[in-house]
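From first to last, the protein sequence lines are chains A and B.
Take the first sequence: its position 461, counted from the start at 1, is 461 in our numbering, and no numbers get skipped.
Positions in the second sequence are counted from 1; adding 528 to them yields our numbering.
Treat each hint with caution, since some may be false.
As the list claims (entries may be wrong) - With the Cβ distance kept under 7 Å, some of the chain A side facing chain B (calculated, not the full set):
1. Thr-139
2. Val-208
3. Ser-212
As the list claims (entries may be wrong) - Label pairs and their computed distance ranges (CB to CB):
4. Met-589/B x Gln-419/A: 24 to 32 Å
5. Glu-616/B x His-374/A: 26 to 34 Å
6. Thr-761/B x Gln-418/A: 31 to 39 Å
7. Trp-699/B x Lys-386/A: 55 to 63 Å
8. Glu-402/A x Gln-539/B: 30 to 38 Å
9. Glu-402/A x Arg-536/B: 33 to 41 Å
10. Ala-579/B x Lys-386/A: 48 to 56 Å
11. Leu-619/B x Gln-419/A: 35 to 43 Å
12. Ala-322/A x Trp-699/B: 35 to 43 Å
13. Tyr-351/A x Thr-549/B: 57 to 65 Å
14. Lys-386/A x Pro-642/B: 53 to 61 Å
15. Asp-464/A x Met-589/B: 25 to 33 Å
16. Gly-596/B x Asn-407/A: 54 to 62 Å
To be verified - Simulated coverage check for chain A against chain B, where a stretch passes if three residues somewhere in it have a Cβ under 8 Å from a Cβ of chain B:
17. 108–121
18. 147–155
19. 279–292
For the record, the hints were derived by calculation from the structure and aren't laboratory data.
Note that CB positions come from ideal geometry on N, CA and C, so glycine has one too.
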Amino acid sequence: MRLKRHTLIAAIALSSATLAGPLQAQTLNIGVMGELASFDTSQVSGGVWESQILMDVYEGLLKENPKGEVLPGMATDWEISDDGKTYTFHLRDDAKWSDGEPVTAEDFVFGWQHLLDPKSASKYAYLLYPIENAEAINTGDKPLDAIGAESLDDGKTLKVTLESPTPFFLQLLTHYTAYPLPKHAVEAYGKQWVKVDNIVTNGAFKPVEWVSQSRISVEKNPEYYDAADVSLDGVNYFNAEDRNAAISRFRAGELDIIRDYPSSRYQWLKDNLPDATHLSPMLGSYYYVLNNREGRPTADERVREALNLVVRRKVLSEQIMAGSFKDAYSLVPPGTSHYDVQHMDGVDGDYQERLAKAKQLIKEAGYGPDKPLHLQLRYNTSDEHKKIAIALAAMWKPLGVEIEMTNAEATVHYQTIQQGDFDIARAGWIADYNDAENFLTLLRSGVGNNYGAYSNPEYDKLLDQAANTQDLDKRQQLLQKAENVALDDYALAPLLFYVTRNLVNPALEGWQDNAEDDHPSRWVSFTE
Amino acid sequence: MLSYTLKRLLQAIPTLLIVITISFFLMRIAPGGPFDGERQLPPEIEANLEAAYHLDEPLPMQYLRYMGNLLQGDFGPSFKYKDFSVSELILQGFPVSLEIGGLAILLALLLGLPLGVIAAIRRNSAIDYAVMGTALAGIAIPNFVIAPILALVFGVLLAWLPAGGWNGGAWPNLVLPVIALSIQQIAYIARMMRASMIEVLGSHYIRTARAKGLSESQVILRHAIRPALLPVTSYLGPAIAGIITGSVVIEQIFGIPGIGRYFVQGALNRDYTLVMGTVVFYGALIVLMNLLVDLAYSALDPQIRYD
């Protein structure tokens with residue numbers, strides 16, 4: 001077995017350790033978009049705001065620096081076997097839970113088993129499926145101890161075996177599904193271990209109070225190995241679902257950070273609070289699903305191409321959305337690691353030429369004044385989605401396309417489009433982890449999130465090849481080739497890339513915009 | 529009176545049962561389920577979820593299970609807020625909503641009733657027009673407009689009061705939400721009081737009272753106000769039940785941990801147990817308030833007696 005040492009990552013760790021020097025002790029007030037579902041990571045519902053809280057109180061084998069780059073966390077170093085299927089992690093000696101108990105490899109095995117246990121009914125259990133037998137455990141076909149994770153050396157070493165080489169596995173370990181659970185506390189308190197009075201955590205902060213729907217308070221965890229470098233005394237996460245109201249509270253000085261301010265306020269904020277207003281690219285794609293199912297007008301590639309050709313994406317991003325989105329010509333967003341942004345053919349040249357070509361395509365597909373093309377567009381109810389839908393209907397009008405718009409609350413919307421009852425449907429995807437595969441799976445045959453039922457054997461084959469390719473450059477080529485296959489088929493209509501929108505008190509240090517939009521509070525401090 | 533109260537409480541049981549049953553099945557008829565979202569889950573995970581919450585059982589079975597738990601006072605766990613049971617959520621949020629709602633109703637009565645009486649006495653005068661004009665505006669402007677304006681003016685621009693937050697119910701945090709919540713109620717009550725006062729002032733017994741030579745203030749205070757309160761009282765029953773169970777708008781704008789938002793979010797999230805919990809709670813409260821209204825009637829109007 002040849003060993004690879006991750007000296008580069010260790011170097012980044014050293015350099016960022018100096019970022020957050022202890023300054024004046026303070027409490028940070030963050031406005032988050034919703035309520036945490038649970039401190040039990042297997043019960044989390046998937047909101048961006050939930051990972052903000054969880055990453056402050058827990059720490060996985062790896063953690064992130066302010067730029068969203070991966071650093072050693074509970075593990076100081078690790079080895080990867082030549083076949084890419086075995087990872088051996090060495091845990092730090094001073095890894096402790098907030099009650100002083102050591103964090104062991106056993107806590108990781110226990111946490112992952114708990115997540116995969118069918119009885120936990122975890123929504124995000126599938127993120128751990130790269131681990132050997134994880135899927136079989138989750139479906140109840142194998143017992144919990146069949147998991148490909150083993151505690152060695154008295155819990156100082158964690159050996160993880162994968163189903164197949166998974167190049168993004170280290171990225172995945174920063175996600176909350178891969179956090180450890182305090183086995184001793186769960187055994188002591190049973191289901192009540194998550195209650196604020198009982199809970200112990202291993203991150204930079206520990207929960208101290210939870211007023212449902214109002215505020216979660218955490219305070220610095222003195223047992224944290226890096227506690228001396230954590231500047232904040234504590235953090236309050238205020239539930240700020242009404243984001244306009246949150247802006248008032250920010251202006252009144254009651255909140256230091258607002259995660260995800262409304263896009264409609266971007267211009268105003270930029271003009272009035274320029275130092276506090278942050279906007280930067282994010283790993284998220286806003287697109288329209290085109291229904292590839294037999295019998296739908298959009299099953300015809302010419303129709304899909306024509307629809308794509310006449311979308312004026314710059315108008316959409318800069319005028320309709322006032323700069324609060326970036327125009328997109330592909331599915332995988334910029335900022336994705338080991339990936340170059342691809343480009344759909346012919347969708348941003350001279351508008352008149354594009355229009356003429358699109359008209360021709362529609363005619364060839366058999367539509368015209370006698371037989372107008374009638375399409376059903378569905379979106380989930382929101383002002384933003386409505387604006388975009390209206391703009392697109394107007395852009396498609398010169399083609400003689402009649403758009404019938406239907407909106408429904410999100411639950412109904414997604415259920416309807418999963419059943420295939422639409423021609424065009426609004427969808428969006430925010431990356432779970434920083435890897436192109438996370439987006440490209442959306443177009444794989446038979447995958448649940450492939451709402452448009454796009455299917456191309458060549459595409460699937462390329463993704464399979466990439467999944468078994470260890471070499472990151474070769475893998476990148478395969479993934480990019482796959483995306484181009486789908487873009488050449490006009491499988492969907494890419495429209496916009498999401499951006500992170502945060503309001504940040506200019507007196508804060510240690511906050512950096514990043515594509516993951518992950519901002520661990522442990523790096524943040526107040527300047528004098 | 530006591531036997532009447534007991535009878536009414538017994539009658540409430542079938543009413544509540546019907547409400548619970550209809551809500552239970554209506555909730556299940558609504559398209560989508562608690563675990564449908566932007567991301568479709570792998571089938572095995574969906575199966576795990578459904579098994580964990582007994583959603584894989586036939587609907588009648590689920591209904592019986594729910595009713596069985598309910599009889600033992602167990603509303604079940606929330607589907608969405610998993611660290612809390614529905615009972616915990618309601619018990620934690622209701623005192624907050626009750627405090628804000630109760631203060632808002634009190635303020636509405638203290639301002640609305642006198643304004644209505646004055647407007648009625650000075651009918652068609654400048655005062656009347658001013659009161660009724662303001663009341664009309666109060667009814668017409670929804671609280672999702674008033675609340676952010678209050679927060680902006682008093683919280684941000686003048687910085688006299690917090691723009692939001694609960695802070696354990698400290699009084700500065702109460703002021704704006706209570707005002708925002710009461711404005712519409714002040715307006716309703718003032719208009720209702722004025723109309724009913726005008727009607728009472730035109731009745732025969734008021735003419736008789738005046739003919740006996742009573743002073744105008746005696747006529748109004750001793751003879752007119754009490755009967756004029758009847759329509760306001762019957763309005764107050766359901767209104768109080770509605771207000772003390774919180775307002776999703778006020779709670780979200782001011783970041784208040786009440787239970788109003790559960791009515792809306794529970795339904796949108798298809799959080800079946802939370803919706804049922806709020807429905808049962810609200811239903812019981814309505815029944816109780818209506819009973820109190822009827823009892824208040826007999827106190828206000830000697831013609832109404834319950835035996």
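- Message: Output the indices of the hints that this structure fails to meet, ascending.
- Response: 2, 5, 6, 7, 8, 9, 10, 14, 15, 16, 18, 19
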